[in-house]
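Asks: Residue-level listing of the chains:
2 protein chains.
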Amino acid sequence: MDKVFVAGCGMTRFGKRDESLSDLVFEAAKMAREDSKIEEFDAVYVGSMNPDEFTGDGNISTVITDRLGMTKPSLRIETASSTGAGVFHAAFLSVASGHYDNVLVVAGEKMTHLPTQKSTTMMAKVISPLERIYGATMPALAALVTRRYMHEYGLDRETLGLVAVKNHYNGSLNKYAHFQKEVTLEKVIESKMVSDPLRLYDCAPISDGACACILTSKEKEIRISGLGHATDTLSLAHRDSLTGFSATQNAAKKAYDMAKTAPKEVDVAEVHDAFTSFEIIDTEDLGFFKKGGGGQALKDGITKLEGDLPINPSGGLKARGHPVGASGLAQIIEIYWQLKGEAQKRQVDSAKIGLAQSIGGLANNNLVTILEAC
Amino acid sequence: MDKVFVAGCGMTRFGKRDESLSDLVFEAAKMAREDSKIEEFDAVYVGSMNPDEFTGDGNISTVITDRLGMTKPSLRIETASSTGAGVFHAAFLSVASGHYDNVLVVAGEKMTHLPTQKSTTMMAKVISPLERIYGATMPALAALVTRRYMHEYGLDRETLGLVAVKNHYNGSLNKYAHFQKEVTLEKVIESKMVSDPLRLYDCAPISDGACACILTSKEKEIRISGLGHATDTLSLAHRDSLTGFSATQNAAKKAYDMAKTAPKEVDVAEVHDAFTSFEIIDTEDLGFFKKGGGGQALKDGITKLEGDLPINPSGGLKARGHPVGASGLAQIIEIYWQLKGEAQKRQVDSAKIGLAQSIGGLANNNLVTILEAC
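Chains B and D, in that order, give the protein sequences. Counted the way my numbering counts, the first sequence spans residues 1 to 374. Counted the way my numbering counts, the second sequence spans residues 375 to 748.
No lab work stands behind these hints: they were computed from the structure. Owing to the predicted nature of the structure, the values given are computational and were not obtained by experimental measurement. Fair warning: there could be bad hints in the mix.
Claimed, not checked - Computed list of lysine to aspartate or glutamate pairs in DMTMM-like fashion (alpha-carbon distance at most 25 Å, straight line): (1) D:LYS627 to B:GLU39; (2) B:LYS260 to B:ASP300; (3) D:LYS446 to B:GLU131; (4) D:LYS446 to B:ASP240; (5) B:LYS72 to D:GLU532; (6) D:LYS377 to B:GLU39; (7) B:LYS3 to D:ASP376; (8) D:LYS446 to B:ASP2.
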C-alpha cells in the first residue's frame, strides 16, 4: 500500500481575476502551506495547459517556482483539460518512489483577458486535426455527443438542464466559485444557443484561477488510495461509442482496483461537467449508475448535496468555473475538503471515500483519483 | 538502490524534416521498441516544449499516443529547453515507484518550418519578462554571460571557437546529426555576428527531430544511477554570478550523491552547448575542471573524442542540432549508446559511467543524469 497523503490544500476564488498567473498560484500555495504547516519541499509540480499562448509566458514551472522564492526541482505537466489531475498523479508517483517526501503541487490558468474567439480557437487545438478542419470546436463536438445520447437513451432537454440547476445551487454555497448564484431551469433552457442542443448554461465558463495541494509521505488524515489514467483515440470518429468515454471507464477500473473499492463505496464525487451532458455520462462511466440511467438518478435527486451520492458539491466546472489547467486539481481539493469536513456550507454528510474524475481534450486523456479518510 | 534500467533507444536524424512531429516520434519509438524488444508499455511520457505554438497542435501527449496506436496513460512534461531530460526524470520516478514496469519516453520538437524571427520570438518567452522587455533574446543574454566569463577568466575568442570545431568534428561522425561536416576555426570566428561575442557557429541551430527511450524495472545492461534537478532565479539580474550556473551545480551534487560517484569517475559526458561558452561553463559546474579551467582543458584536448574525458561525442546541441524539447533526451540516449559500445564511428574508449546535463531556459531549470554500465 502506498503511503502518500494530502497534507494541505489552497485555492483562489475562480472567476475573472486581474492578478498574474504566478500571483494567483502564490496565493493558493500560501494557503496550502499554512493548511499543511509544511514549508520545505523537495519539488514543485506545476500544472498549466497553455500559458505560452494564454499569457505569453514560457518556462512556467521556473516562473512559478521563482515567484514562490524557491530553487527546488520543478517541472510542468500537461494533459489538455485534465492537466490539474495529471500533475497530481505525477506528483503522487514522485512521492511513492521514495525520492521525495514533500511535494508542492500547483495548477493554474489565466484566460479571461483574451477575447472569447481567441481563447476558443486556442482551446480547439486539443481537437483532432481531422475534425478541426471542418470547423469543429469543443462545444460542437460535445453537442454531437449530447444529441446522440439523447437519441439513444431518451434524455430530455429538461433533465439535461437539471445538471446546471443543481451545480449552480452548489456553487452558490462555495466562496471559491466563479458563479455563486442559483439559476432556474427556465433560465437554463432559454439561454443562448451555443451548439444545438447545448445552450450557454450547459457549458462551463472560461475562468482564471489557481489551486495548490501538498503531498507527503508522512501519515496524515487523507490518503491517496486509488489512481487511474487512460487515453483514447484523438478523433471522436475513430470510437465505437459516442455516448460513453472509454478513457474514463478504463481509468476508473484501475483506480477502483488500486483502492480496493467499488463505485457503491464512493460517498461523494467531483466529475468533469464541462458540458451538462458530460456529468450524466461521467456518472455512468464511473459505474455509479447503469448506462442510460444517469438522467433518472439526477431527476431522483440522488446526486444532490443531500442525496445518496452527491456529485459536484463544489458546483463543478459549470459553476466553480474552469481555468482549464487548474480544474482537475480543484476537483481533488474539493474531495479533500469534503472528507476533512471542511466544505463549509456545501459539506456533505460523513464522507469517507471520495472520487474525482477529469477529462482531457474530447475525453481522450482522462484521470480518476480516489481519496480516503484514514 | 533503484532498479530502473534503460532497455532501448531510438532517434530520428535531426535537422530540417518534412514529417509531422508525431510521425517523427513514431519513427524514433519504433526504433526503441525494436532495440528493447519490449512492446507493451504501462505509460507513455511525452516531452515537447511548445507544440501548441510551433505546430499548432495541443493535447500533444494524446496526439502522440494515438499515433503510436495506444490508449495507455500519457502525459506531457515541459521544463523549457531541458524538457527531454525533465520527461526522462519523471518517467524514472514512475518506474521507481513500482507502479509502472515499462515506460515509453519520447521527446520531439518541430520548428524549422517557422521563419527564424517567429521561432526566436517564441523561444524568448522562456526569458524573464523583466529582461525580455528590453529586447533580450536567448543569444543576447548568453552573450552577456560569455563576455563576463571572458573578462573574469581570460578566455579568448580562439579557445571559444574550439568548442564548435570539436563538436562539428564529432557531429561529422554521427549519422543522426543535423550538421555532419567539420568546420575550421577560421570559419567559426569569421562567421556572422549574432550577439557579440557570439557568432553563428557559436550557437546551436534550430532543428526538427525526435527520440525515444524505454525504461524498465527489469535488469538490463544500462542502469540509471543518478539524477539531480534544480532551478534558479528566472532573471539573470537576480543571480550572484553570471559565469557559473547554480542550477547545474546543485543538480550535479544531487546526481553524484545518488549515484555514489564523483566527477573524476565520469568517463564520457554530454553537456548543454546551446552556445559554445556554455560547454566550458558546464564542464566547470559539473566539477570536471576547476572554475576558469574549462578553456584550458579544451585546448589541451582533454574533451576530444580520444581525450581523457570526451565531452559531447554526439556533436552536442551545436552539431547534432537542437529540437528544443528533444535535446535533453538525445543527450541521455548518446550516453546509453556510448556505454553499450554502440556509438559507431564516434565511440569513446571503454566507458562505464556517463553523464548528461541539460539546461532549461537561461540556465534556470537544469538536470543531470548519470547512467552506468552494469
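Asks: Would the hint linking LYS3 of chain B and ASP376 of chain D be met if the CA-CA limit is 25 Å?
Replies: Given that 25 Å is the threshold and the Cα spacing comes to 18 Å, the pair holds.
Asks: Is the Cα-Cα distance between LYS446 of chain D and ASP240 of chain B 25 Å or less?
Replies: 17 Å, holds
Asks: Keeping to a limit of 25 Å between CA atoms, is the pair of LYS446 of chain D and GLU131 of chain B held or broken?
Replies: 22 Å, holds
Asks: Is the straight-line distance between the alpha-carbon of LYS72 of chain B and that of GLU532 of chain D 25 Å or less?
Replies: 37 Å, violated
Asks: Please work out if LYS260 of chain B and ASP300 of chain B have their alpha carbons no farther apart than 25 Å.
Replies: Violated. LYS260 of chain B to ASP300 of chain B sits at ~29 Å, over the 25 Å cutoff.
Asks: With a cut-off of 25 Å on the C-alpha distance, tell me whether LYS627 of chain D and GLU39 of chain B pass.
Replies: This hinted pair holds, its Cα atoms lying about 23 Å apart.
Asks: Are LYS377 of chain D and GLU39 of chain B close enough, with their CA atoms no more than 25 Å apart?
Replies: 31 Å, violated
Asks: Would the pair LYS446 of chain D and ASP2 of chain B pass a check requiring their Cα atoms to be no farther apart than 25 Å?
Replies: 22 Å, holds
Hints 2, 5, 6 from the earlier list are contradicted by this structure; the remaining hints agree with it.
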